[in-house]
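There are 2 protein chains.
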Amino acid sequence: KIVTLIHTFFSCRDRVLPLDGVNILITAGPTREPVDPVRYFSNHSSGKMGYAIAEEASLLGAKVTLISGPTNLQPPQTVQTIFVESAQQMYDEVMTHYPATNVVIKSAAVADYRPKKVSATKMKKHVDTLNIEMERTTDILKELGQNKTHQLLVGFAAETNSVEEYALKKLKAKNLDLIVANNVTTEGAGFGTDTNIVTIYDRNEGKVELPLMSKREVARKLLDRITHLLKGVNLK
Amino acid sequence: KIVTLIHTFFSCRDRVLPLDGVNILITAGPTREPVDPVRYFSNHSSGKMGYAIAEEASLLGAKVTLISGPTNLQPPQTVQTIFVESAQQMYDEVMTHYPATNVVIKSAAVADYRPKKVSATKMKKHVDTLNIEMERTTDILKELGQNKTHQLLVGFAAETNSVEEYALKKLKAKNLDLIVANNVTTEGAGFGTDTNIVTIYDRNEGKVELPLMSKREVARKLLDRITHLLKGVNLK
Numbered sequence: 523k524i525v526t527l528i529h530t531f532f533s534c535r536d537r538v539l540p541l542d543g544v545n546i547l548i549t550a551g552p553t554r555e556p557v558d559p560v561r562y563f564s565n566h567s568s569g570k571m572g573y574a575i576a577e578e579a580s581l582l583g584a585k586v587t588l589i590s591g592p593t594n595l596q597p598p599q600t601v602q603t604i605f606v607e608s609a610q611q612m613y614d615e616v617m618t619h620y621p622a623t624n625v626v627i628k629s630a631a632v633a634d635y636r637p638k639k640v641s642a643t644k645m646k647k648h649v650d651t652l653n654i655e656m657e658r659t660t661d662i663l664k665e666l667g668q669n670k671t672h673q674l675l676v677g678f679a680a681e682t683n684s685v686e687e688y689a690l691k692k693l694k695a696k697n698l699d700l701i702v703a704n705n706v707t708t709e710g711a712g713f714g715t716d717t718n719i720v721t722i723y724d725r726n727e728g729k730v731e732l733p734l735m736s737k738r739e740v741a742r743k744l745l746d747r748i749t750h751l752l753k754g755v756n757l758k
Numbered sequence: 523k524i525v526t527l528i529h530t531f532f533s534c535r536d537r538v539l540p541l542d543g544v545n546i547l548i549t550a551g552p553t554r555e556p557v558d559p560v561r562y563f564s565n566h567s568s569g570k571m572g573y574a575i576a577e578e579a580s581l582l583g584a585k586v587t588l589i590s591g592p593t594n595l596q597p598p599q600t601v602q603t604i605f606v607e608s609a610q611q612m613y614d615e616v617m618t619h620y621p622a623t624n625v626v627i628k629s630a631a632v633a634d635y636r637p638k639k640v641s642a643t644k645m646k647k648h649v650d651t652l653n654i655e656m657e658r659t660t661d662i663l664k665e666l667g668q669n670k671t672h673q674l675l676v677g678f679a680a681e682t683n684s685v686e687e688y689a690l691k692k693l694k695a696k697n698l699d700l701i702v703a704n705n706v707t708t709e710g711a712g713f714g715t716d717t718n719i720v721t722i723y724d725r726n727e728g729k730v731e732l733p734l735m736s737k738r739e740v741a742r743k744l745l746d747r748i749t750h751l752l753k754g755v756n757l758k
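Protein chains in written order, with our numbering: chain A, 523 to 758; chain B, 523 to 758.
You may find that some hints are simply not true.
Because identical chains cannot be distinguished in the list, a pair is counted as satisfied if it fits within a single copy or across any two copies.
Dumping the calculated DSBU-like pairs for lysine-lysine here, alpha-carbon to alpha-carbon at most 35 Å [as the list claims (entries may be wrong)]: (1) 638 to 743; (2) 743 to 639; (3) 753 to 639; (4) 729 to 638; (5) 691 to 646; (6) 639 to 664; (7) 585 to 639; (8) 753 to 638; (9) 664 to 647; (10) 691 to 639; (11) 692 to 638.
In short, the hints are calculated from the structure, not lab data.
Bear in mind the structure is a predicted one, so any value in this text is a computation, not a measurement.
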């Protein structure tokens, strides 16, 4: 808290902050896809990376909107936070805010699949095996990439294997400007930790490998890159 | 905190507490059943009911072992807490502690089904639909009921419909002594709230309907019932 205040104080002394006037949309955390009123599918995303980016972006002068799945975290006070549960709710909120956004940082781990049928009452256990039929959720990042006008688009690739291959594929397939990739099975880079080990890839085959650092430091490095990229972009 | 200390102080003045020398095993929270290293299947249990019972039982002099799934809660300091993730881990811990236990209160919402195959690497999304084949987990409560020697067994029924019917069925099928039933769709009785509205059923068709009250108060009422029942039981 005090560190944040001091940080804010010193940041403000120069008056013009690097992300002044920039609207940043950040998504964070997991989504939950219901099976019935009691059970759901989810993932291990803690939201820490996205919340760290939101707080740092705000300190750098950006107007931040944070769209968050269910997490245990306290949202930064300087940020407009919107809470969602499912991938569909996340999609709706992101699309609503997209037109007025300059930069989108999609750090949320949105479910790719959801149960096709959602039972209105708690399912009873009768049988020994059960097939849950899953259908694809809307691919938010793909949709954003296809409808990009002036926005900078930053994605994440949390992988367990073939990290670089999957990250570069995603960068191209989704029409991203940057992708932040990590191997979630590496010690210090997994879900729920306060640290991360990431590599940032850009459209021009540029690649910055960062060592183990706090998620706050990763956020600052990423926002430095974005600030740099924004200099070549006409802000609406 | 202060309330707890005062409570402890006044509770201790009498020296002999109602649950002195009683070993209570309490389970709390949800379980998580992995699909792959990133995704899992879970439920909305917050663990609040179980943690409240653990804290109250400890104040009443019981030696409490709390076996908890992943929650956001701070475990009571006077209680031995063991953390687990999956239904199988929960089962293993419960069975290890069962023989030396006088009372088991199973407030955890243990998954009935888990994915049959767990992928060692993050599954990639290729297809439009996906079938997740689920298999039954071991029914802990049933196992406890079948292997009951001297233990008092208390179960929970969190339902969305036909609450009394399902609760009484479970009481008999699992050889329980008490079952605490609630309708999780009722306002003030759902997951994650600090209050609950429960009905406690016993083996002799006795039924106590409690009004809306805090989970701490529900815990005290339940432990009163248990204390009363224990008077007729030879503690090992």
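Practice prompt. Go through the copies and call it for residue 691 and residue 639: within, between, both or neither, with a Cα cutoff of 35 Å.
Written response: So residue 691 and residue 639 pass the 35 Å test inside a copy (31 Å) and across (27 Å) alike.
Item to complete: Up to 35 Å between alpha-carbons, please classify residue 729 paired with residue 638: within, between, both or neither.
Response: Answer is neither: 39 Å inside a copy and 39 Å across each miss the 35 Å cutoff.
Worksheet item: Should residue 585 paired with residue 639 be assigned to within, between, both, or neither, using CA atoms and 35 Å as the limit?
Response: Neither: 38 Å inside a chain and 44 Å across chains, both beyond 35 Å.
Item to complete: Could you figure out if residue 753 and residue 639 sit no more than 35 Å apart (CA to CA) within one copy, between two copies, both or neither?
Response: This pair counts as neither: shortest intra-copy Cα distance 47 Å, inter-copy 49 Å.
Worksheet entry | Homomeric proximity label, residue 743 with residue 639: Cα distance no greater than 35 Å | neither (42 Å within a copy, 39 Å between copies)
Worksheet item: 35 Å Cα cut-off: does residue 753 pair with residue 638 within a copy, between copies, both or neither?
Response: So residue 753 and residue 638 fail the 35 Å test inside a copy (44 Å) and across (51 Å) alike.
Discussion item. For residue 664 and residue 647, with the copy left unspecified, which applies at a CA distance of at most 35 Å: within, between, both, or neither?
Written reply: Between copies only: 13 Å across chains, 38 Å inside a chain, cut-off 35 Å.
Worksheet item: Given a CA cutoff of 35 Å, do residue 638 and residue 743 count as a within-copy pair, a between-copy pair, both, or neither?
Response: neither (40 Å within a copy, 41 Å between copies)
Worksheet item: How would you classify residue 692 and residue 638 at a CA-CA limit of 35 Å: within, between, both, or neither?
Response: The answer is both: 25 Å in one copy and 29 Å across copies each meet 35 Å.
Fill in: residue 639 and residue 664: within-copy, between-copy, both or neither at 35 Å Cα
This pair counts as both: shortest intra-copy Cα distance 24 Å, inter-copy 29 Å.
Worksheet entry | Identical-chain pair category, residue 691 with residue 646, by Cα at 35 Å | Close across copies (12 Å), not inside one copy (42 Å); limit 35 Å.
Hints 1, 2, 3, 4, 7, 8 from the list above are not met by this structure, while the remaining hints are.
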